[in-house]
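Visitor: Given next are the chains, with one letter for each unit.
2 protein chains.
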Amino acid sequence: MSASEAQPSADGRPRVIVVGGGFAGLTAVKALRDSAARILLIDRRNHHVFQPLLYQVATALLPSGDVGAPIREVLRHQPNTVVAMAEATGVDPERRHLVAWHPDRGEGPIPYDYLVLATGVEQSYFGHDEFAPFAPGLKSLEDAQAVRSKLLRAYETAETEEDPSKHRDLLTVVLVGAGPTGVELAAAIASMARVTLKSNFRRIDPSATRIILLDNGPRILAGFAETLSRTAHERLTKLGVEVRTHAHVDDVDEQGVVVAGERIASRTVLWTAGVRPSPAGQWLKADTDRAGRVAVGPDLSVPRSPEVFVVGDTAHLEQDGKSLPGVAQVAMQQGRYVGRLIANRLAGRPAPPPFRYSDRGNMAVIGRGFAILESGKVRLSGFPAWAAWASIHLAYLPQARNRPEVLIRWLRSYVTGELDSRVILGGLHPPYEKRPEAAAAKASTAAPTGRQG
Amino acid sequence: MSASEAQPSADGRPRVIVVGGGFAGLTAVKALRDSAARILLIDRRNHHVFQPLLYQVATALLPSGDVGAPIREVLRHQPNTVVAMAEATGVDPERRHLVAWHPDRGEGPIPYDYLVLATGVEQSYFGHDEFAPFAPGLKSLEDAQAVRSKLLRAYETAETEEDPSKHRDLLTVVLVGAGPTGVELAAAIASMARVTLKSNFRRIDPSATRIILLDNGPRILAGFAETLSRTAHERLTKLGVEVRTHAHVDDVDEQGVVVAGERIASRTVLWTAGVRPSPAGQWLKADTDRAGRVAVGPDLSVPRSPEVFVVGDTAHLEQDGKSLPGVAQVAMQQGRYVGRLIANRLAGRPAPPPFRYSDRGNMAVIGRGFAILESGKVRLSGFPAWAAWASIHLAYLPQARNRPEVLIRWLRSYVTGELDSRVILGGLHPPYEKRPEAAAAKASTAAPTGRQG
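Top line first, the protein sequences correspond to chains A and B. For the numbering used here, count along the first sequence from 1 and bump the result up by 7. For the numbering used here, count along the second sequence from 1 and bump the result up by 7.
Please note: incorrect hints may appear among the correct ones.
[What the hints assert, rightly or not] To give a feel for the contact side, a few chain A residues facing chain B, derived at Cβ under 7 Å: (1) Val106; (2) Arg209; (3) Pro213; (4) Val422; (5) Arg429; (6) Gly434.
[Said to hold, decoys possible] Derived pair list, reagent style EDC-like, types lysine to aspartate or glutamate, alpha-carbon separation capped at 20 Å: (7) Lys157/B x Glu149/A; (8) Lys245/B x Asp212/B; (9) Lys173/B x Glu114/A; (10) Lys173/A x Glu261/A; (11) Lys157/A x Asp111/B; (12) Lys173/A x Asp212/B; (13) Lys384/A x Asp327/A; (14) Lys157/A x Asp212/B; (15) Lys173/A x Asp306/B; (16) Lys37/B x Asp306/B; (17) Lys157/B x Asp111/A; (18) Lys173/B x Asp212/B; (19) Lys157/A x Asp136/A; (20) Lys173/B x Asp111/A; (21) Lys205/A x Glu168/A; (22) Lys157/A x Asp327/A; (23) Lys245/A x Glu261/A.
[As the list claims (entries may be wrong)] Only some residues are given here: those of chain A computed to face chain B with a beta carbon under 7 Å: (24) Arg51; (25) Asn53; (26) Pro70; (27) Ala93; (28) Thr96; (29) Pro100; (30) His109; (31) Pro110; (32) Lys146; (33) Glu149; (34) Thr167; (35) Asp427.
It should be emphasised that the hints constitute simulated quantities derived from the structure, not laboratory data. Yeah, the Cβ is synthetic: ideal placement off N, Cα and C, and Gly gets one too.
Model the full structure from these sequences, guided by the hints.
Guide: In structure tokens:
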């Protein structure tokens, strides 16, 4: 990236750089559509990931293309925006430039008049990065494909194993973390094992798959009302998922997990536990909360840098004494707010009142045709909640034209249990200790940097 | 794999091992459905690849799940068949066992009464394996995803490049080999560049993409009648593809290709030229043709091993003085023939007459809604040929339930040019010389072995 990357054209229009094409960044850019700004949106991927459906890629229900939308396709009718696939690596707030890296052009500064950082979060292993090679997380489409292959591969390995006593360990899936992702994933794996894979195997019985969902805390889905969390717990139990709360994971290795001293043998451990924010706080040398999220002001700007905004999961803001949660709704509302604020400022209109999050509710799917939903005082569970979930998620799909296909896949899976994306990519895996990444993982379990490629 | 892998059950039913879940192997297994055999189907992947549509995965039209069907799902209602994801590495025809390798269980023999080798072909660089890292082929779904990412990545790189003089090299695509795959791919890339990517970019004009299709021979699509080959050539020219025949490729590197002394700068070189057979001939120490395909007898068995059959692309058989081509039709007819032959033998029925290939015709798609077709004396081109192509390929899709979705995607792409699988996996690539595989490629451009993982 060269220094003039986002140079204003001869017309001298103000330059807005938005970093990150997630819910927050994309919404901010859209809100600037009719503004006088020249916008540069930078993301290290070419696609927006519709996170709420990522678990459906991991469980073979949806293809990647329904959940990942090319950012430049989403913004094709917004001519004031250039989309660049590159990686932000730093900010110089005094000189007002972002530092970005591109494999062909190396690292370089890009000047801005306004900067919106929507750099999100990545998987966190709570200081145990050595767990990562054995327990993939679920943050990207690559992750989702890896989880899908890992899940399906275990059945393939078991089927080639004649000794039935060895089948049990191979058919044990452990999920660490019972937030929405862990719960949705556990339930979807249960459906896959009990319904989809039926009559596919001769030596093993996939319906005997043991699925264990672990959580540190006293109950699953801590973000939901207690009654719904209980409903979800019962539903999971009915689907054959063993739920264990107050379960602290001491160790994860190739053989499985150690929970409160007890070893659970498993070839398929999935990490759905924690996140850590992007290094935006370090770039800005700004005040952060304990997790590292940037403490923003009431207009989501960074103290002492009124032209820099941080939105979405990587921002910390309190409302009514509580920290706003890292969910899509907050990200979208914050992105829209900042987009409008900048547009107003450029147009000489008055600034909007301080940001205020309006919570529309919370949902989670628990297996085929079952969801829980809370919105205001409403608590709903079962099929009606699933129908509401389905309509809302269809409406928010990043590419509207995919709706018919996604709906067909959902309904078919609901009725027949069929899952069509069951391709294992990468063929036969050598055992862990013989893989190139094993050596690499041993060499560097170093602290994460901003560049994850 | 242990020695007893395919041990007959106490009932002593004859053991048939089929290696390879492509067109030939899968058809052979299906033809044995009602036989008394116990069948073991071994493949190093979990899915059958519907090769004729692979180029549509590479050009973002179809998701992998529509083109790759889990083998065990295809055979779920065939209880006499065990499917194992493992890799064949050798045969001992005297002791009648196959040698197979599994990452968890290592290498081991598996006894058979009948063996069907349907191990296919892989990409060949005609003795220039050093071209491989710069010019991916198109033989697997992994290849298709890699080609798709390579194609789309070039546009992303160009868009971050300010200097317009550098855009030209980035937007040059070279395809080496003008057989059906090269032609179909070149035309699909042309549609993608001229229609789909429109209004997606601000600095570059994707419709200016230069697409060059090279072939060694005097004309493209040498397998077709000369009139159709000429029609195809004209159509490609109309789509803006530069076709060059008598074009010998001397070199391929990171900067592009050298053709008859002339260097063409290109960041996107694709290899659609040649194939080489699997090492089945070496395993059997059998007579092969110059390419290495096993010379089989009139019943497709291997001389001196009447219980071993070789079918599909890795077999060599002449009919009416001409060698049978390596196409899906031959593979399917041979698979069916051998399946029936074994079933007859097991049932004590007379052997069928010698194998005879019945050529139903030949087709290739050249861009949206245009195909060429020959069958007997019929020669067809344009939309009618495309409609015939579409019906036949829908009918042969490995998973019938995907038909509505595939049809919708075809029609939508025909009408609007939309392509929905435009996700680049793997994020930002470091430059070639910094990638781990670059070092690996340098270290070993050794001859291929049976184990490609």
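Visitor: Does each hint fit the structure? Answer for all of them.
Guide: Here is what the structure says about each hint:
no. : hint                : result
1   : Val106              : 14 Å, violated
2   : Arg209              : 5 Å, holds
3   : Pro213              : 11 Å, violated
4   : Val422              : 12 Å, violated
5   : Arg429              : 5 Å, holds
6   : Gly434              : 5 Å, holds
7   : Lys157/B x Glu149/A : 16 Å, holds
8   : Lys245/B x Asp212/B : 19 Å, holds
9   : Lys173/B x Glu114/A : 19 Å, holds
10  : Lys173/A x Glu261/A : 15 Å, holds
11  : Lys157/A x Asp111/B : 14 Å, holds
12  : Lys173/A x Asp212/B : 57 Å, violated
13  : Lys384/A x Asp327/A : 18 Å, holds
14  : Lys157/A x Asp212/B : 40 Å, violated
15  : Lys173/A x Asp306/B : 42 Å, violated
16  : Lys37/B x Asp306/B  : 18 Å, holds
17  : Lys157/B x Asp111/A : 14 Å, holds
18  : Lys173/B x Asp212/B : 13 Å, holds
19  : Lys157/A x Asp136/A : 19 Å, holds
20  : Lys173/B x Asp111/A : 12 Å, holds
21  : Lys205/A x Glu168/A : 18 Å, holds
22  : Lys157/A x Asp327/A : 43 Å, violated
23  : Lys245/A x Glu261/A : 29 Å, violated
24  : Arg51               : 5 Å, holds
25  : Asn53               : 4 Å, holds
26  : Pro70               : 3 Å, holds
27  : Ala93               : 6 Å, holds
28  : Thr96               : 11 Å, violated
29  : Pro100              : 23 Å, violated
30  : His109              : 5 Å, holds
31  : Pro110              : 5 Å, holds
32  : Lys146              : 12 Å, violated
33  : Glu149              : 6 Å, holds
34  : Thr167              : 5 Å, holds
35  : Asp427              : 5 Å, holds
Consistency note: the structure conflicts with the earlier hints numbered 1, 3, 4, 12, 14, 15, 22, 23, 28, 29, 32.
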